[in-house]
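Peer 1: Sequence:
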Amino acid sequence: MAEYRYDPQEIEPRWQRVWEEEQTWVVPEDGPTDRDAYVLEMLPYPSGEPHVGHLKNYTIGDAVAHFKRRTGHRVLHPMGYDAFGLPAENHAIKTGQHPRVSTEAAIASFQEQFRRWGVSIDWTRELGTHTPEYYRWTQWIFLQFFERGLAYRKEAAVNWDPVEETVLANEQVIDGRGERSGALVEIRQLTQWFFRITDYADQLLEDLDTINWPPHVKTMQRNWIGRSQGAEVAFRCDDTDTSYTVFTTRPDTLFGATFFVMAPEHADVLTLAKGTDQEQAVADYVREAMTGDAHERGDDSREKTGVFLGRYVTNPVNGEQLPMYVADYVLMDYGTGAIMAVPAHDGRDFDFATKFDLPIKQVIADPDAQDGVATELPFVGDGPLMNSGAQFDGQQNREALDAITTWLDTEGKGHATVNYRLRDWLLSRQRYWGCPIPIIHCPSCGIVPVPEDQLPVELPDVTEYKPKGKSPLAAAEDWVNVPCPNCSAPAKRETDTMDTFVDSSWYFLRYTDAQNNSAAWDPARANRWMPVDQYIGGVEHAILHLLYARFFTKALADLGLIKTREPFANLFTQGMITKDGAKMSKSKGNVVSPRVMVERYGADTLRAYVLFIGPPDQDADWSDEGVEGMSRFISRLWRTSAEAADTLAADPLPESPNADGLRILRKAHWAIDKVTADIGERFNFNTAIAAVMELLNELSMAKRGDAEPGIIRFALSTANSLIYPFVPHVSTDGYALLNDGARLWEQPWPQAEARYLESDEIELVCQVMGKVRGRVTAPADADDAELERLARGEPNVASHLDGKTVVKVIVVRGKLVNFVVR
RNA sequence: GCGGGCGUGGUGGAAUGGUAGACACGCCAGCCUUAGGAGCUGGUGCCCUCACAGGCGUGGAGGUUCGAGUCCUCUCGCCCGCACCA
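Numbering (the numbering used here), first residue to last: 16 to 837.
Read the hints as simulated data drawn from the structure, not as lab findings. Take the hints with a grain of salt, since some may be wrong.
Taking lysine to aspartate or glutamate and the EDC-like style, the derived pairs with C-alpha atoms no more than 20 Å apart in a straight line are [as the list claims (entries may be wrong)]:
id: 1; residue 1: Lys289; residue 2: Asp315
id: 2; residue 1: Lys319; residue 2: Glu247
id: 3; residue 1: Lys578; residue 2: Asp49
id: 4; residue 1: Lys598; residue 2: Asp315
id: 5; residue 1: Lys485; residue 2: Glu201
id: 6; residue 1: Lys289; residue 2: Glu247
id: 7; residue 1: Lys428; residue 2: Glu194
id: 8; residue 1: Lys370; residue 2: Glu414
id: 9; residue 1: Lys507; residue 2: Asp528
id: 10; residue 1: Lys578; residue 2: Glu148
id: 11; residue 1: Lys578; residue 2: Glu194
id: 12; residue 1: Lys507; residue 2: Glu492
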């Protein structure tokens with residue numbers, strides 16, 4: 016055995032050279048289009064060098080791509096880089112090095128590692144979102160959206176990250192802090208660019224039913240979109256002769272409204288208070304609320320604050336006068352920025368009413384309480400209405416909800432409506448390293464799109480990357496000052512850049528036609544490949560990237576540029592690899608470097624290890640010992656193959672194998688069946704690898720017995736063939752050794768033969784009262800009576816039946832017999 | 001608070017309602033070796049036992065079933081997402 020030494024550092028580059036020279040993974044655009052498959056992993060953000068999370072991501076994707084190829088598909092499996100972004104820019108601020116330089120160094124390192132790992136990528140379609148060849152089309156798409164009103168500019172209260180000195184999208188604010196900087200976000204009133212993603216709220220929600228995604232990701236998207244069915248109801252303020260609309264999901268509680276609350280940001284708050292003795296108090300409160308910390312304001316355990324406005328509105332259902340308040344627990348950006356308060360049936364309103372000593376009026380009877388009077392308020396359950404006028408009293412509240420809405424509608428006082436939590440996507444960033452927004456501001460023409468033939472608007476070089484409240488691009492005066500494309504008067508370019516999530520919202524389309532210099536893509540090519548058959552990435556993108564990409568796809572479909580309305584037909588979200596139970600980070604010093612590991616063990620061992628560590632959708636903890644174990648297995652697989660190739664006669668499979676041969680043949684077909692299902696029907700890569708381990712264990716010198724050489728060779732070839740999607744190099748090498756140089760990647764996937772999946776004998780489990788008392792060998796085709804007879808004959812079973820009455824016998828053919836005794 | 005997920009040996013994890021712990025790590029013993037972070041063989045849930053036989057065992061408590069890790073109810077713990085969203 017000693018002379019067969021597994022050397023991944025020799026084997027892996029040797030096969031990589033073959034695949035590189037022959038362009039094995041390039042998928043041509045000509046040829047038949049049936050059996051096409053598009054396998055895609057989320058593109059990496061290139062920074063430093065790849066980590067084990069990348070290794071896992073691309074290993075999963077590569078396994079799927081290889082499996083699909085060998086089961087007869089033409090597979091598109093491309094790679095690119097999400098290359099714009101803040102880390103490179105922050106690095107530039109610190110060092111003065113152009114972000115392009117550090118980014119491209121990182122890209123080079125990623126390319127080198129992906130090749131070293133042997134990932135089967137069609138490199139002819141490689142892209143970087145930071146190249147003018149790519150972002151030209153990002154800008155073009157922006158202009159298409161602009162023309163259709165899907166991209167627009169408005170002044171709004173937006174999230175300002177004081178550390179990054181840029182605005183952020185709602186999706187990038189976590190617990191009131193900037194996603195990257197961790198700094199408390201401030202609210203600023205700014206004019207910014209938005210995408211009208213809210214136009215697609217319903218479609219984004221409904222079409223979730225048409226795609227095969229993990230349920231928890233769908234749920235997260237549903238919650239984020241936050242569709243609420245309810246009603247808009249108008250409350251009139253007679254003093255000022257104006258009407259205020261509120262949104263409520265509970266029109267059934269309208270009769271219980273006892274006061275009215277507006278958000279501090281509401282435009283009319285100051286006007287309403289004007290001339291009342293509350294004027295000063297309101298002004299003070301609003302100023303305080305607007306400058307306060309947004310996160311603290313969002314804390315629902317904080318005591319309620321607010322101020323009386325000195326005015327009243329009329330409750331449209333009963334004419335009652337309700338005092339108006341301003342309070343910061345009402346948010347301007349949900350609903351209408353004003354609410355009707357029903358303290359008896361809403362916790363927040365209840366807290367406010369208690370603090371300000373406002374009336375609390377129960378209008379839904381508690382079915383569990385005598386007289387319906389709830390023992391504890393607020394009461395949020397269901398029950399019949401009370402105190403709601405003769406017309407509605409006694410009706411079940413959920414039914415009354417519709418009745419009241421209908422009544423409001425006929426009275427012209429309100430109507431049914433739907434509200435969303437989803438906000439339009441704020442895409443402007445006051446930063447340098449991003450895609451320039453192709454817009455020119457002209458003093459006379461206003462907002463003018465850059466004409467298509469002037470694209471791309473290239474990012475100019477600057478020397479100062481640090482933002483000073485506005486984009487660093489503003490300092491590039493030669494670039495900023497341009498004639499207006501309309502009237503030729505002096506005008507200025509937009510100096511904000513786009514959120515990097517814009518870049519990654521359409522890259523999967525570009526791969527289908529990556530080298531096209533006259534269009535973003537040829538619709539025929541995009542329609543050929545789209546949607547992506549299998550998308551793979553981290554769950555951290557469940558909302559941001561995955562929602563944005565879906566929005567882009569729908570908008571582009573409405574523009575007639577593609578046919579598909581959903582980008583990713585199947586989604587797989589991989590779990591994180593941790594070390595010692597913690598997320599890997601430089602500061603913790605627990606980072607495992609794939610580069611170092613691959614140098615020590617070879618790529619195949621690492622690839623197999625990250626898949627064997629556990630189910631790939633779950634988090635898993637890295638173990639150096641585990642890698643050792645995988646290294647032993649891979650090495651044993653190769654050594655056994657190499658030795659068999661040298662020492663065993665290359666016989667065909669025998670007509671009638673001996674007992675050992677048959678056993679091994681059966682094990683091989685069992686493994687084919689198991690691995691095929693584990694890869695093809697689920698993502699059970701860990702158990703697929705375990706099945707190949709079992710097969711190899713069966714082939715050890717001690718266990719192979721008298722099995723024929725032809726069968727040993729076949730079983731070893733099968734082991735290599737089955738494990739190929741995970742460890743392409745070693746399996747290709749072993750297979751070639753065993754099969755006279757045959758190329759494994761060109762072999763069809765093995766087929767399990769039914770006649771070897773069944774044996775003519777089974778092990779019959781014998782139970783008494785559900786407890787296993789023995790096992791006997793039985794013919795596979797034995798009938799129930801025969802199985803019962805065999806089970807009764809098992810000595811230990813017999814002793815457990817002795818002196819008992821058998822009241823029932825359960826026979827499961829081919830499996831077990833269970834005696835129920837008394 | 002709302003929504004989703006997860007609790008199985010010393011460890012990672014396997015188990016269409018039908019043999020709990022596949023496969024692997026670790027550990028123990030043995031072989032081989034000048035040596036081994038190499039290779040090979042065997043053992044390894046816990047209790048009791050020389051062994052056989054037995055008892056216990058999938059966070060906890062009930063239930064359905066001939067039979068429950070798996071299905072149902074309640075409960076405890078952990079993780080993730082959203083959260084003053086009217």
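Peer 1: Just pull the numbers of the violated hints for me, sorted ascending.
Peer 2: Going through the list in order, the structure violates hints 1, 2, 4, 6, 7, 8, 9, 10, 11 and respects the others.
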